[in-house]
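Just so you know, the sequences run in chain order A and B.
Using our numbering, the letters of the first sequence map in sequence onto residues 1 to 487.
Using our numbering, the letters of the second sequence map in sequence onto residues 1 to 358.
One thing to keep in mind: the hints can contain errors.
What the hints assert, rightly or not - Now the in silico label distances, taken between C-beta atoms and shown as ranges: (1) B/Trp150 with A/Arg117: 31 to 41 Å; (2) B/Trp150 with A/Pro52: 18 to 28 Å; (3) B/Asn233 with A/Val70: 35 to 45 Å.
Worth flagging that the hints you see were computed from the coordinates, not collected in a lab.
Ideal Cβ placement from N, Cα and C applies to all residues, glycine included.
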Amino acid sequence: MMQIYKIDANTVQVICCPPEDVNRGDYLLVEDVNSEKSLIIQVINSGYVNVPGILEDILRSSSTEKLEGVDLDPLEMKSFVNIIKDAELFTCKIRGALNKGKVSNDVSWIPPRSTSRLRKLPDADLIKLLENEPQNGLDIGTLKGGGRISININSIDGKLNIITGKKGTGKSHLSKLLLIQLVSKGGICIVFDINGEYINLGYTKSEGRTSLYDRFISLTPGSDFKVTLQYAGLGVFLRVMENILDLPATSAWEFRRIWKDLKERGALTLNNLNSAIRAVSNNYIQDALLRRFESLINTKFFTDDWGEATVLEAVMDKMDKGGALIINLRNINSKFRQIVVEFLLSKLSQLLENWGLKAVFLFAEEAHLYLRETYWNDIVTRMRHLGMFTTFITNQPDSIRKSVYRQADNIFLFNFTNEHDLEIVSRAAMIDVETVNIIARQLPPHYCLMLGKVLNNFPLIVRINSLKEKTMGETRLFFSDLKIKKS
Amino acid sequence: MQVLDFSQKSPYNFVELGNASLKNTIESSHRLRNIDLPTNYVGDFNKLNEHEFIANFDGENLDMIKLAYIDEKAHIFGLDTSSIELGETSNGLLCAVRGTIVWKDEVKYNYTRYGPFIFHVTENNKQFLYNKLRQMYFGASRAAPTPDVWCMPGRIRNILERWLQAQLSQSCEDSVILWDGSLTAWTIDSPVTLIDDMLRMARSRGNVVLAFSKKTKFTIFGRRIADLINNRNAPCLLDLDEIIRRQYGNYLCFFGRVYAAKLTPSQFSFRLDVDREIERETGINAVQKLISNDIVVESYPETLRLAHILSRFSASEIIGMQRLIAENFGIRTVFRPNIRQILFGPYGGGLINNKVIS
Chain A
1 MMQIYKIDAN
11 TVQVICCPPE
21 DVNRGDYLLV
31 EDVNSEKSLI
41 IQVINSGYVN
51 VPGILEDILR
61 SSSTEKLEGV
71 DLDPLEMKSF
81 VNIIKDAELF
91 TCKIRGALNK
101 GKVSNDVSWI
111 PPRSTSRLRK
121 LPDADLIKLL
131 ENEPQNGLDI
141 GTLKGGGRIS
151 ININSIDGKL
161 NIITGKKGTG
171 KSHLSKLLLI
181 QLVSKGGICI
191 VFDINGEYIN
201 LGYTKSEGRT
211 SLYDRFISLT
221 PGSDFKVTLQ
231 YAGLGVFLRV
241 MENILDLPAT
251 SAWEFRRIWK
261 DLKERGALTL
271 NNLNSAIRAV
281 SNNYIQDALL
291 RRFESLINTK
301 FFTDDWGEAT
311 VLEAVMDKMD
321 KGGALIINLR
331 NINSKFRQIV
341 VEFLLSKLSQ
351 LLENWGLKAV
361 FLFAEEAHLY
371 LRETYWNDIV
381 TRMRHLGMFT
391 TFITNQPDSI
401 RKSVYRQADN
411 IFLFNFTNEH
421 DLEIVSRAAM
431 IDVETVNIIA
441 RQLPPHYCLM
451 LGKVLNNFPL
461 IVRINSLKEK
471 TMGETRLFFS
481 DLKIKKS
Chain B
1 MQVLDFSQKS
11 PYNFVELGNA
21 SLKNTIESSH
31 RLRNIDLPTN
41 YVGDFNKLNE
51 HEFIANFDGE
61 NLDMIKLAYI
71 DEKAHIFGLD
81 TSSIELGETS
91 NGLLCAVRGT
101 IVWKDEVKYN
111 YTRYGPFIFH
121 VTENNKQFLY
131 NKLRQMYFGA
141 SRAAPTPDVW
151 CMPGRIRNIL
161 ERWLQAQLSQ
171 SCEDSVILWD
181 GSLTAWTIDS
191 PVTLIDDMLR
201 MARSRGNVVL
211 AFSKKTKFTI
221 FGRRIADLIN
231 NRNAPCLLDL
241 DEIIRRQYGN
251 YLCFFGRVYA
261 AKLTPSQFSF
271 RLDVDREIER
281 ETGINAVQKL
291 ISNDIVVESY
301 PETLRLAHIL
311 SRFSASEIIG
321 MQRLIAENFG
331 IRTVFRPNIR
341 QILFGPYGGG
351 LINNKVIS
């Protein structure tokens, strides 16, 4: 039986005696039997009721710990006392209300303590409240009770998402799951794959091909992903030179002149560009340009051969029924990563502006490793309006700017134990600090606290579905062979 | 030395009568005639009502007995009981009693705990309950006057305690048996025979009964007895028997030789009664066995301390029993407003919460 103990602002304390199968994260319904209104509350913490004399009991049992004995308890009173001792106190947060069966945000009233009826919301009722429609959504996981949770595609479409949690908790797993489901629904996705763990999503764990095999295109910059100077364009090239390779403004002006001249003559090739730079009379400018140009050439990302060059529009055309372009950034140095991302973001912006692309879902793992400062705000504002819907995936919540958190529509929060990380997430997340601090700390691997529009603003703990695809996200182990032999 | 399994013995009638009282199935035809009694009536060794003795002596030297630790193995048995009011009902009160026997063998402490036994005592059933229990456990054939309903928890507890004492007397051999309280009784009360029987039974099996009283206070010429013994080296006994008996022998029945006991160097000393019918030296030797075989802290034996701890009811147990009664017997305790609190509020003094538990 559950009863209201206290209500203070947004916090409701509930006493549960005898204990029921209610866990942190579960939802309770506080029904006012005199009206058709109910409060929807979520258990964020649980503990024992401070029963009078419990301290005495504990001390007494410690005094008699070493005793051996028999209790002739004909009435079996002990079981009743244990019920009292185990009485639980739930700290809950008000998440909404039900008014005549409809979800409402009006929580300005409080239910009567004496007559309210409390019950755990079964999965089926909760899913109904979330307006969860499995048939149209992305099937991503289950509730503790086994109820299937699917994300309404509209809550992802056009939205900014953050997936965060400490290492090994299942962030990338969720990201891959979302990616696969979006692709299967016809979405176009681009992944900045920092660890090369998305490149085999077209394969099953047994190395067979999945039904979506053809929809995954993996490109490795400098290898099967090269672009011509003409395709990259002066703007991208200059931004790379200036922002990533720190080309001084004077030298940039000279480079612009050289580029335009070669382009006008129809002679914009790497060789000609090299020669033109070497012909610059000012030694300082020549040296500055040459060093940067050579470092770009060394990446092998630029080519004069249209045959081996990649044209993004052509790649996108292949994904007209949905697909994912995986940019494999593994084993690529930091500057090169930034160059590739700079190029891609510029090109994608152009494509979106020109309606060459309707919209694209961008999955950015550990974006702080390659995303230029000025791009953060651009991604969450301008690019978002153009149709680039980003999902940031990180285990360093402080690497994402506060402004990005504030703009986020959905946060998928995995386990964090570090105080500092929790503080950052809780400050920025869209719910109260207490919920984040308590629930995120206790989430087991592959369990995620979902916050935001994705579940109709009801924070929910969801166990993420497993994948049948080959994920390659596992860390390589030195002693893995030994482990296999043993098992 | 054999230690019997006490868990094989159970006061079944406590269960049956308790359940009957809760189910309200005790017929009015069972009721005995109601007799009003003064509330300060002291019955069968009610230890809650142990009186303060004021002993006068004319400069006599009190006999100080120095105790020694001896290398003689002995089993130490102790027992204690407790009662608690669980709340009021519309026509009476609910109470629970529990008792524990604790014993120490050469290695460890053991216990058997009896209860709780829960009773619903009303004006209608109190006489039947009390006399039925007395009849069943003491073999008392004559109906005894019953006290006020509020005194009944203590009376039922006393019966349980006497039953446990009898079990120990009949079961133990060559042991030291510790009672909580004293071996003094008002001569007017019938259980005197019972106590006599129990002590005789214990003696016949080579046991010595020692009774420790925490509550009795002796004053001699205005000085507390503790002051007389505090300066002495522990362990020791102070023989007060002659002085006390000289003054109170006409009113009280002393089944024990009365001592003040200081068993460890501490600020506490207790009244200790040793079965009078055994030889004085045997009694003193039993105390020496006690201090040599049991742990004694602050002059009080661990066996008795554990029996007390195990018998006492905690607040959570009280709530648990109230729940049991409500669920199994459908009896709800009622709340009676605290008149004192209502009238005087914070200026009422004394306990804010009365005994009624709602």
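Now for the hints, and whether the structure bears them out:
Hint check: B/Trp150 to A/Arg117, Cβ distance near 39 Å, so the stated range 31 to 41 Å holds. A hinted range of 18 to 28 Å holds for the C-beta pair B/Trp150 and A/Pro52, which are about 23 Å apart. The given range of 35 to 45 Å is respected by B/Asn233 and A/Val70, whose C-beta atoms sit roughly 40 Å from each other.
The structure is consistent with each of the numbered hints, conforming to all of them.
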